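J.: Listed here are the chains, written in short residue letters.
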Amino acid sequence: MDLNTERQKHHTQNGEAEKGIFLVADDMFPRPKPDRNFLNQIRERRRPLIVFDPVKCTGCGTCEMVCSSRNGSPVVPSSASIRVIREERYGKNFAIYCQQCREPFCIQVCPLNAIEKGKDGIVRIDDMRCVDCGLCAMACPEAAPLVDPISGKVHKCDLCDGEPLCVAHCSEQALVFTGGKRFRWIRLLRWPIQLAAFLLLVVILMGSFCSFVAGTFQVSCPLGVLQNIASTRMLILVSAIAAIPLMLLTVLGGRFFCGWLCPFGFFLDLMDKVIVKRLRLPGFLRTRSAKYGVLAASIGGSYALGYQAFCTVCPIGTLCRAYGVQSVFKGYELAILPAVASLEIGDRRSWCRYYCPVGALLALAARIGLIKIVIGARKCKKFSCMRCADICPMGIVDRRELIEGISPRLAMEECIFCMRCIDQCPYGAVKIRFRWQKAMPGEQV
Amino acid sequence: MTLYPESSDDLTTEVFGVLRDSGAFCCVECGKCVAVCPMADMYPYFSHDMSPRGFLKAARVSPKIIEDGRLWCCTECNACTETCPEGVSCREMVKGLKKIALDREKADKMKRCSSCGIVCASTQIIDFLTDKLKQQHFHYLELCPSCRMAAYLRRNA
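Just so you know, the sequences run in chain order X and D. In our numbering, each number is its position in the first sequence, counted from 1, plus 25. In our numbering, each number is its position in the second sequence, counted from 1, plus 8.
No lab work stands behind these hints: they were computed from the structure. Here the structure is a predicted model, which means the values were calculated and not measured. This list has only true hints and no planted wrong ones.
According to the in silico footprint, chain X covers these stretches of chain D (three or more CB under 8 Å from chain X):
| hint | segment |
| --- | --- |
| 1 | 39-53 |
| 2 | 80-86 |
| 3 | 149-159 |
Going by beta-carbon spacing under 7 Å, a handful of chain D positions derived as facing chain X:
| hint | residue |
| --- | --- |
| 4 | K140 |
| 5 | F146 |
| 6 | R163 |
| 7 | A165 |
Every beta carbon over 12 Å from chain X, so not counted as near; a handful from chain D, in silico:
| hint | residue |
| --- | --- |
| 8 | D17 |
| 9 | G62 |
| 10 | V69 |
| 11 | G95 |
| 12 | D111 |
No residue lacks a Cβ here, since even glycine has one placed at the ideal position from N, Cα and C.
Construct the entire structure; sequences and hints are all you get.
T.: Okay, here's the thing in structure tokens:
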């Protein structure tokens with residue numbers, strides 16, 4: 026409901042809503058709609074920004090002084106648009122300044138609509154309209170629009186229209202003006218590998234994918250092996266050992282199988298490129314722990330029925346068996362792929378997120394995995410960027426935590442190691458680390 | 009039509025002092041402040057009683073104004089002062105009244121910073137922000153700006 030209708034409702038005469046139009050600031054300066062132009066969105070990803078390195082900062086305050094010289098009257102740190110806060114006890118310094126968010130909160134809350142985002146991606150306060158109410162500072166997670174305690178004016182960084190003075194004067198190069206990383210090579214590596222794995226497993230190996238033999242060396246789907254043991258009720262050591270390589274690799278390198286090799290995952294990734302609009306699945310369909318239930322049910326089902334129950338409907342297996350070159354039509358197996366893939370209209374990789382029991386088995390191994398993907402707190406731009414949260418196919422980057430200004434910890438059992446976040450982070454904040462390494466200051470590992 | 013000089017208890021004297029210092033008795037009720045007040049764009053229930061003019065008028069009549077919740081709707085911007093032809097500083101008046109209300113613990117609408125405890129916002133303003141931020145309430149809204157910055161330092165440096 027817009028402000029006008031709401032106000033008509035609030036002002037009542039004899040129990041009837043008062044008619045008439047109440048002019049508000051939005052009528053005079055309409056708020057801009059979110060930009061859906063593809064080219065602008067790409068330009069937006071590359072927008073230049075000031076990046077701050079707390080390790081190099083000595084807290085000298087030169088940036089504050091040069092900045093305040095721009096803002097007019099007295100040259101004092103308090104009238105600057107950048108503020109260095111100092112923790113003398115630990116010798117830590119940190120600079121607070123506007124990050125020129127992609128979807129700025131200050132624009133949403135400004136009652137007079139005085140804040141605008143220009144075509145160049147710089148968020149500016151229009152001095153003619155601003156009344157210094159300070160609501161933008163209240164709404165900003167970092168409180169970056171600074172309220173000058175002396176004059177009461179609100180100052181906000183406008184990047185000096187592209188040539189920031191603070192960067193030019195920072196003697197330690199703690200402030201760097203950069204457009205972010207440009208070349209993204211992991212993407213160029215992953216798609217060919219996924220395609221090769223898809224062709225290899227679906228077209229060439231075709232069905233023998235679930236258990237692959239080369240001489241004495243044997244690799245099997247770990248879930249298939251478990252079901253085999255459950256259905257035959259005997260442990261054949263050779264086939265059991267065949268499940269070990271994939272599990273071991275998952276402990277060492279996370280669920281890379283899901284992100285890089287799984288042919289069904291590749292198919293879902295391709296679907297993601299096609300789907301334009303997504304629907305919101307009902308809540309009961311979106312429980313991540315459901316996949317462990319499916320895992321238990323498939324093993325229990327195999328035990329009860331006496332054959333590998335899940336393998337008959339497994340999307341990965343049926344994709345390989347029913348859609349290969351030689352077996353164009355294979356009865357009911359043809360129907361499983363479209364049925365499961367249609368879940369994709371809800372979330373990206375819905376099947377992998379919520380139901381895949383193979384993924385659940387690998388997730389158990391990844392829980393005790395040796396490596397992790399971390400979002401380094403120092404370089405991460407958090408609420409202003411949120412690129413990783415947009416790009417993650419498993420949706421494990423917590424948007425809410427990013428908005429609160431926390432670099433979220435990623436749950437490795439859910440991560441499929443597709444490395445999209447590492448690839449796409451413009452500031453190189455996302456990295457692969459060992460389990461015992463720290464990601465942010467003061468973190469307990 | 010002010011009642012002020014006649015009664016002489018503590019509260020009346022203090023409120024009178026605030027009104028006198030901010031020049032509230034010079035108000036000519038021209039309404040220029042109402043035209044520029046950002047509260048009109050913030051609250052759907054904006055009315056004469058909570059506009060700068062109406063509020064000032066009510067404050068001149070009775071010192072009981074400090075118990076009024078609408079005192080805390082004001083964002084303490086400077087729009088009304090800048091436009092006032094008589095030089096009435098509504099911001100100073102509201103600041104002073106808020107201080108009196110705090111001293112007498114009549115301020116149930118105010119919000120304290122959950123970390124350092126200074127008064128940083130009011131219920132109405134936080135409600136407005138929550139409403140604008142797509143009905144999402146974030147934890148950082150409960151911190152004062154300087155505590156937010158300090159939290160950033162602790163997390164990232």
